[in-house]
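S.K.: Here the protein sequences come in this chain order: V, X and U. In terms of this note's numbering, the first sequence has 85 at position 85, counting the first letter as 1, and numbering is strictly consecutive. In terms of this note's numbering, the second sequence has 172 at position 172, counting the first letter as 1, and numbering is strictly consecutive. In terms of this note's numbering, the third sequence has 234 at position 234, counting the first letter as 1, and numbering is strictly consecutive.
Since the hints were derived computationally from the structure, they do not count as laboratory data. These numbers come from a predicted model, not from an experiment. Note that beta-carbon positions come from the ideal geometry of N, C-alpha and C, so glycine has one too. Be aware that a few hints might be false.
[What the hints assert, rightly or not] The list that follows gives simulated cross-link-like pairs (lysine-lysine, DSS-like), each with its CA atoms no further than 30 Å apart: (1) U:Lys-143 with U:Lys-358; (2) U:Lys-280 with V:Lys-102; (3) U:Lys-167 with U:Lys-340; (4) V:Lys-152 with U:Lys-215; (5) V:Lys-102 with U:Lys-259; (6) V:Lys-102 with U:Lys-215.
[As the list claims (entries may be wrong)] Coverage of chain V stretches by chain U, computed from C-beta distances (three or more under 8 Å per stretch; other residues unrestricted): (7) 70 to 81; (8) 97 to 104; (9) 125 to 138.
Listed below are the residues making up each chain.
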Amino acid sequence: MRLFWEAIKGLGITGKHLIVNLWKFSLYYVGLSRDKGVVTIEYPEERRETFPRVRLRHRLLRREDGRVRCVACFMCATACPSQCIYIEAEEDPEHPLEKRPKQFLIDLGKCAYCGFCVEACPEDALRMDVHIPELAEYERENLIYDIEKLTKE
Amino acid sequence: MVWVVIKVVVIFTWALVTVLYITLLERKESALIQDRIGANRAEVLGLRLNGLFQPFADALKMFFKEDYTPPFVDRPFYLAAPLLALIFALVPVGAIPVADSLNLGGKEFSLSVIGSNVGVVLVLSLLSLGIYGVILGGYGSKNKYGLVGGMRATAQVISYEVALGLSLVGVLLVFPSLNLNEIVHMQNRYVLGGWVPLWGIILQPLAAALFLIAGMAENKRVPFDLPEGESEIIGYFLEYSGMKFGMFFVADFVEVLLLAGLFTTFFLGGYNPPYLFQDGFHFPWGGTWLLSPVWIRLIQFITFNIKLWIMVWFLLLIRWTYPRYRFDQLMDLGWKSLIPLSIFNIIITSGVMAVIK
Amino acid sequence: MPGGKRIKIIIDGREVETEAGTLLIKAAEDAGIYIPRLCYHEGLRPDGNCRMCLVEIEGLRKPVPSCMTPVREGMVVRTNTPALQEHRKKVLEFILTSHPMDCPICDQAGECVLQDYYFTYDLEDRRYLEDRERKPKRVHWGKNLIYDAERCILCRRCVRFLEDVTKTRELGVFERGIHSYIGLFDGRKIENNYSGNLVDICPVGAITDLDFRFKMRVWFLDRTPSICPFCGRGCNIEIHTNTDRLRNRFSSQRVFRIKPRKRPDVNGWWICDEGRYSYKFIDEGRILHPLSNGRKITWEAAGKKLREIIGKEVRVYLSAWMSNEELIYWKRLAELLQWKVSLVKRPDGDEDKLLRVKDKNPNTTGSKILGIKEERGNEEVSVVFHFPEFAPEHRIKIGIFTNEFPDMERWELILPAAVFAEKEGHWTNFQGKLQKFQKALEPLGEAREEGKIGEFFAGAFGIELPWERQEMEREFLKEYKKWSGS
Numbered sequence: 001m002r003l004f005w006e007a008i009k010g011l012g013i014t015g016k017h018l019i020v021n022l023w024k025f026s027l028y029y030v031g032l033s034r035d036k037g038v039v040t041i042e043y044p045e046e047r048r049e050t051f052p053r054v055r056l057r058h059r060l061l062r063r064e065d066g067r068v069r070c071v072a073c074f075m076c077a078t079a080c081p082s083q084c085i086y087i088e089a090e091e092d093p094e095h096p097l098e099k100r101p102k103q104f105l106i107d108l109g110k111c112a113y114c115g116f117c118v119e120a121c122p123e124d125a126l127r128m129d130v131h132i133p134e135l136a137e138y139e140r141e142n143l144i145y146d147i148e149k150l151t152k153e
Numbered sequence: 001m002v003w004v005v006i007k008v009v010v011i012f013t014w015a016l017v018t019v020l021y022i023t024l025l026e027r028k029e030s031a032l033i034q035d036r037i038g039a040n041r042a043e044v045l046g047l048r049l050n051g052l053f054q055p056f057a058d059a060l061k062m063f064f065k066e067d068y069t070p071p072f073v074d075r076p077f078y079l080a081a082p083l084l085a086l087i088f089a090l091v092p093v094g095a096i097p098v099a100d101s102l103n104l105g106g107k108e109f110s111l112s113v114i115g116s117n118v119g120v121v122l123v124l125s126l127l128s129l130g131i132y133g134v135i136l137g138g139y140g141s142k143n144k145y146g147l148v149g150g151m152r153a154t155a156q157v158i159s160y161e162v163a164l165g166l167s168l169v170g171v172l173l174v175f176p177s178l179n180l181n182e183i184v185h186m187q188n189r190y191v192l193g194g195w196v197p198l199w200g201i202i203l204q205p206l207a208a209a210l211f212l213i214a215g216m217a218e219n220k221r222v223p224f225d226l227p228e229g230e231s232e233i234i235g236y237f238l239e240y241s242g243m244k245f246g247m248f249f250v251a252d253f254v255e256v257l258l259l260a261g262l263f264t265t266f267f268l269g270g271y272n273p274p275y276l277f278q279d280g281f282h283f284p285w286g287g288t289w290l291l292s293p294v295w296i297r298l299i300q301f302i303t304f305n306i307k308l309w310i311m312v313w314f315l316l317l318i319r320w321t322y323p324r325y326r327f328d329q330l331m332d333l334g335w336k337s338l339i340p341l342s343i344f345n346i347i348i349t350s351g352v353m354a355v356i357k
Numbered sequence: 001m002p003g004g005k006r007i008k009i010i011i012d013g014r015e016v017e018t019e020a021g022t023l024l025i026k027a028a029e030d031a032g033i034y035i036p037r038l039c040y041h042e043g044l045r046p047d048g049n050c051r052m053c054l055v056e057i058e059g060l061r062k063p064v065p066s067c068m069t070p071v072r073e074g075m076v077v078r079t080n081t082p083a084l085q086e087h088r089k090k091v092l093e094f095i096l097t098s099h100p101m102d103c104p105i106c107d108q109a110g111e112c113v114l115q116d117y118y119f120t121y122d123l124e125d126r127r128y129l130e131d132r133e134r135k136p137k138r139v140h141w142g143k144n145l146i147y148d149a150e151r152c153i154l155c156r157r158c159v160r161f162l163e164d165v166t167k168t169r170e171l172g173v174f175e176r177g178i179h180s181y182i183g184l185f186d187g188r189k190i191e192n193n194y195s196g197n198l199v200d201i202c203p204v205g206a207i208t209d210l211d212f213r214f215k216m217r218v219w220f221l222d223r224t225p226s227i228c229p230f231c232g233r234g235c236n237i238e239i240h241t242n243t244d245r246l247r248n249r250f251s252s253q254r255v256f257r258i259k260p261r262k263r264p265d266v267n268g269w270w271i272c273d274e275g276r277y278s279y280k281f282i283d284e285g286r287i288l289h290p291l292s293n294g295r296k297i298t299w300e301a302a303g304k305k306l307r308e309i310i311g312k313e314v315r316v317y318l319s320a321w322m323s324n325e326e327l328i329y330w331k332r333l334a335e336l337l338q339w340k341v342s343l344v345k346r347p348d349g350d351e352d353k354l355l356r357v358k359d360k361n362p363n364t365t366g367s368k369i370l371g372i373k374e375e376r377g378n379e380e381v382s383v384v385f386h387f388p389e390f391a392p393e394h395r396i397k398i399g400i401f402t403n404e405f406p407d408m409e410r411w412e413l414i415l416p417a418a419v420f421a422e423k424e425g426h427w428t429n430f431q432g433k434l435q436k437f438q439k440a441l442e443p444l445g446e447a448r449e450e451g452k453i454g455e456f457f458a459g460a461f462g463i464e465l466p467w468e469r470q471e472m473e474r475e476f477l478k479e480y481k482k483w484s485g486s
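Work the whole structure out from these sequences, hints included.
M.R.: Printed below as a string of structure tokens:
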């Protein structure tokens, strides 16, 4: 008999949620209330606020004269635990900093977003984004970011 | 003949649209119970209406999904199973009276497709035939899980068939007719100064509870969804995809509609709203509101729908509240509780009837 | 001074026995006590200009440079007192006032002695706030050398190397004090055959190698001891490879550089530039699949093709680039098949007094030990190793080659062989020394080492002769003992 009452109580709980949420959401839907009542975040229109310490895709920074800050020192590639950074260095004939990256690839498909590369960078050339979480691609190859993609605003 | 065709088209269209919206209600209600919003993205011409068109999107998706038939199945059984499941769920819907019969030029026209005099027996027999779709699906798939699902379904449905039938015996004792329309008529009586309607649920509360539980078990939905058990064996439709799966799926919801409709008919006064008689409303406080027969049929149809939706809502609430039974518990509930209780109900009812007589 | 008197000294409380006249720094190193040094190099005349190697000797008031001090009987030396540590710190601080902090772009980072010492002894921030002295950077010294005067710590190792070892004297120290730098004498370029060694002996990144410049950071490299195959001396080398990391998806370079390995009785500390810069053939232009008249085929198809020559007269041209083990294995296989055996090798080249010898093959001596002679035959089928130019014309030609060459479609069958860096074995150098080279890489493509190819031949002709390198090594040692005994 006790179990029977428990069962009825269960119905009450679900029923209460149903009624309360229905009421609140209906008011919200017709614009009479700002309280949605439900926890759903309707993603493309609404977004969860990102935390300031969140780590997302990489950015390569440029110097004042437009050169990539990176000097291809391989520190990020050394620190990288998932070995997803590939760098090819070359001679920079004009600049006093003799070295520049010919190719700088980050395979975001392999990246663990640990941020060690940012920590390791001696030139402050590499940083990580905090705002744009959309990194989905149809092809794995598109997740390999080169200098052009990494420096794009 | 034309009349029958029109009835078939109208009633089954109504049934299928209702079923579509039962799926929407299920999604929305479960969402709200779980503090979510539920499907609200389906859009027609920029109009979203919080997901009102979702069922049509679902149906379209079902139709256009790849329909894959595994190479190892027993083809005749495999193909017949979803059809059988759907047909045996849909046909009894035709027997439910959605409005009173219409008297045109001295001839009675039933507004339900099957205006049979033995409607109760018909519905019960068709319900028990529905198990063929399930067991054939499980067997024809040649899949262990499918077969286990089918076997469980058989055991469960046969067990609860008994309780379902016995719980109705009490009702039939109170309303002595096998014609569903007649049963509805007999519920349109009032006591206590004409205030309280003598609905089945008031005369037979125990039978109502038993019928509801047994009906849900027949339905194979959540507290009794052992044949599916998506977290353990997937169930009898494991090897089905595309529209074939869709037929099983729709059959499931048609059964919800059927259960709600039968419950309304047997226990909630059917299509009659309180105080509506052959010629219009006669309120207990003395007011009357006379209406033409067509208007009355319309009001009855709307009333039936309202009662139906309340029942569906209640069934879904139950479905989203309770966890699944264990199989031995399920059998205990069926054989050790429901059947003895329904027999007890029959004895008490017949005793009281005898005393009153 | 070999053969000198044995004497005993005490270094850091340990009794060390050494020869009279040995330099203190060497004696300590032999005993396992490392004294930091910048200008001292074992293979060069000591100079004593960096003052890093100062040690305290009991009875002397001031510390003395251990690289300029010969040992004396009963010397009591301390190498690591707090005063010395403080002293080393100051030396480093003085060097670092004018040394640019550009380790991120410096190729030497990771194997830079100055970097190591900074982390061992100094670890302090700069106190010298003036501007650094500006000096020439990116100076091409000829061949593959690039000089950066700002990084230079003026240890004069390079100057001494060119004075003492090659005796060509292209370099000198110019200007004075803080302005001084190393420079070429007017009109000179460093074009001798040993210029690459300057990169090795430079303790910092002042001299870097244009061939290796910016290609790879040194800590990503795997080092495998090996033997240089380009002349009969068989200089001891280290192959620096990198095969893991993302790199292989975008580039096919596996070998990044060759460095010498110390072996005083063969090559000392040096190797010549030919040995240093000729590693490219390991990765470039390799034959990756068996070829039949220039078309790619599988090894099974190659086996079928091989069976066509059964019953014909065959001569095998073994090469002087094969290891001792492979030579003896193939000799045995040829005996079983009743094939004739002869030798092909690279023609003789230039020689000099330092390392390079006339014979340009690593294992001519080994073939001599086994009695394989350079002779040509007129058999119908010839199986040629490594050197396609020796094949007789108008005959069925089967080749076992490593690298591509122009008219490959004229060969009935070409089997891809592994290069020396992809297998293990021994070579006998011109002095008769057995030297082991180790496997640094996996064979590229479908290439197999020559021993495995021999096994493949044996299989194709239905002979049971499994390729077991250690077994063959023992067999060769028997021959070797006979040879060296006579």
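S.K.: Hints first: check each against the structure and report whether it holds.
M.R.: Here is how each hint holds up against the structure:
Distance restraint check for U:Lys-143 and U:Lys-358: the Cα-Cα separation of roughly 23 Å lies within the 30 Å cut-off, and the hinted pair is therefore satisfied. Taking the CA atoms of U:Lys-280 and V:Lys-102, the gap is near 21 Å; set against the 30 Å cutoff, the hint holds. For the hint linking U:Lys-167 to U:Lys-340, the alpha-carbon distance of about 48 Å lies beyond 30 Å, and the restraint is violated. The suggested pairing of V:Lys-152 with U:Lys-215 holds, with an alpha-carbon distance near 26 Å, which does not exceed 30 Å.
At most 30 Å may separate the alpha-carbon atoms for a hinted pair to count; V:Lys-102 and U:Lys-259 meet this at roughly 26 Å. Between V:Lys-102 and U:Lys-215 the CA atoms are separated by roughly 11 Å; this keeps the pair inside 30 Å, and the hint holds. Counting residues of the segment 70 to 81 of chain V whose CB falls under 8 Å from any CB of chain U gives 7; the rule of at least 3 is met. Against chain U, the segment 97 to 104 of chain V contributes 4 residues with a C-beta closer than 8 Å to a partner C-beta. That satisfies the three-residue criterion, and the hint holds.
Closer than 8 Å: that is the beta-carbon criterion, and the segment 125 to 138 of chain V has 0 residues meeting it against chain U, so the requirement of 3 is violated.
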